[in-house]
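*Asks:* Now for the letters of each chain:
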Amino acid sequence: MASLWSNLRFRGLLYQVLVVGAVVALGGWLVHNTLVNLAARGIATGLGFLGREAGFDISESVIAFSPSDTYARALLVGLLNTLVVSGLGIVSATVLGTLIGVARLSGNWLVGRLSTVYIESIRNVPLLLQLFVWYGVVTSLPVARLALHPLPGVFLSNRGLVIPGLDWSQGWLPILDIPHLAGFNFVGGLTLSPEFAALLAGLTVYTAAFIAEIVRAGILAVPKGQTEAALSLGLSRGQILRLVILPQALRVIVPPLTSQYLNIAKNSPLAIAIGYPDLVAVSNTAINQTGQAVEGVALVMVVFLGISLALSALMNWYNKRVALVTR
Amino acid sequence: MIMQDPPIVELNGVNKWYGDFHVLKDIGLEVARGEKVVVCGPSGSGKSTMIRCINRLEEHQSGCIVVDGVELGDDLKAIEAIRRRVGMVFQSFNLFPHLTVLENLTLAPIRVAGMTPAEAADTAMALLERVRIPDQAAKYPGQLSGGQQQRVAIARALCLKPKVMLFDEPTSALDPEMVGEVLDVMTALASEGMTMICVTHEMAFARAVADTMVFMDEGRVVEVAKPALFFDHPANERTRRFLGKIIGH
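Residue numbers (the working numbering), protein chains in the order written: chain A, 855 to 1181; chain B, 418 to 666.
One should not assume that every hint holds.
[Stated by the list, open to error] Simulated restraints on C-beta separations:
1) A:G1079 to B:K578: 15 to 25 Å
2) A:I1126 to B:E476: 50 to 60 Å
3) A:S1113 to B:E635: 46 to 56 Å
If you're looking for bench data, these hints aren't it; they were derived computationally from the structure. The C-beta atom is built at its ideal place from N, Cα and C for all residues, glycine as well.
Using the sequences and the accompanying hints, generate a full structural model.
*Replies:* Here it is as structure tokens:
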């Protein structure tokens, strides 16, 4: 017995069996406990509720939705809203972050300092607070009749941002649909709600500060000799950045950038604070109405896990593609 | 005979400081078209800094540098014009690792000289033949040996048909058995009439190729002489001690 106990293989096996046993026991207890309590409160389990009529409206949606549609469709609307704001947020935060990251390395003192101030002030204030500020800014814009009109066809008012859209209803070719003011509201074009605009602005500005630092670190990781070699060939500063520095900086930038993209997707549920109907907000309403919290929360978790894993897989594939070839 | 032409590279009273440190002190140097100049001296003597001033990788603070009739100043157009006429080879190769050998050679011809990709590729292949590695064109720099990388770097520096080539210790980062292949390419280039300014400690190469030897110490040009005179009867005491140390053993 003593010899068995001192056997390293036996000990390793024993520890693993004990850990697996503990995990299974804990899980079983949790499931049993949940089932007993759900039964005591008379709540049916299962995903059957998804087929029932939702009975509530959703303020904005990229697909048609009415209160008589099912819970499943309501959750789909929420998911699409999450994907739209995350997707646009990823694109705009990448563009803004890259510009600021490059600007922070600028030889121009003022440009460099302004970027530093931006990064240090934005990334050190909680995102939730920034969302409230953006929401305040967007909702205190002038009424539609007095809307800001910075570009032809673009209106900024307390009803949100109105931009030209594409009208597909007239046959195969889309017609550019330029919005105009009619009475107290806008007709035509694409309207981004104040909630959507505030959330997109908040996610973009916040995440761009982190991306800027990642881009800066990536650029600094490229040896100085690369710039010197490119300069000695007569390339301009802009060409060097585009053709020599950024392509090499990418292999340092991509892995931490992936984390920031995941953060945008995972921060998007803060939408609930300013009333944008993302997946979490919609499922919250569904849970309140049906009482099926376990299924609702589990669904949201699975969906977010799916989004994150898909993003990671995409970025890992991209990272492999930009990796340097060595022997 | 070469004395009649105006010099292609001319440094006059050039001074440079890094903070309080005076790296270049009143440098004067004239290089004629087709001349091969080898610059040597102890480390920290300002050799690299001097040749890096010629294509403005370093900025000089006083004095004047004229390359092929264009004076180096704050005018970006003049600087870029000079860089196109001056090729440079670095100690650490500095090839672009994300581009193939061929792309390393065609980048500047396409982007700076406005050649078509096909023209640029033809020129590049001809240059790779000259440095004797045309079969490596599709590889990435990371797949080549140090000697091969430095030969690609020489070809890259030649791709804009420069009038002057600067070499900044081109063999110092190489394994000993690869030094020869790089020096062979440089010797061939010299025999084709290229104007060359080389910072190197390869004294056998210097003796065989150089028209003029320049010895620098503590930021000054101490001695300028023909190689025969320089190696056999150095005029300056510092030069004698330096040569004694690097050739003596």
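*Asks:* Hint by hint, note whether the structure agrees.
*Replies:* How the hints compare with the structure:
Against the hinted window of 15 to 25 Å, the Cβ-Cβ separation of G1079 (chain A) and K578 (chain B) comes to about 23 Å, which satisfies the hint. For the pair I1126 (chain A) and E476 (chain B), the supplied restraint of 50 to 60 Å holds, since their beta-carbon distance comes to about 56 Å. Checked against the hint of 46 to 56 Å, the C-beta distance between S1113 (chain A) and E635 (chain B) comes to roughly 51 Å, which is consistent with it.
Figure legend: structure checked against the earlier numbered hints; every hint is met.
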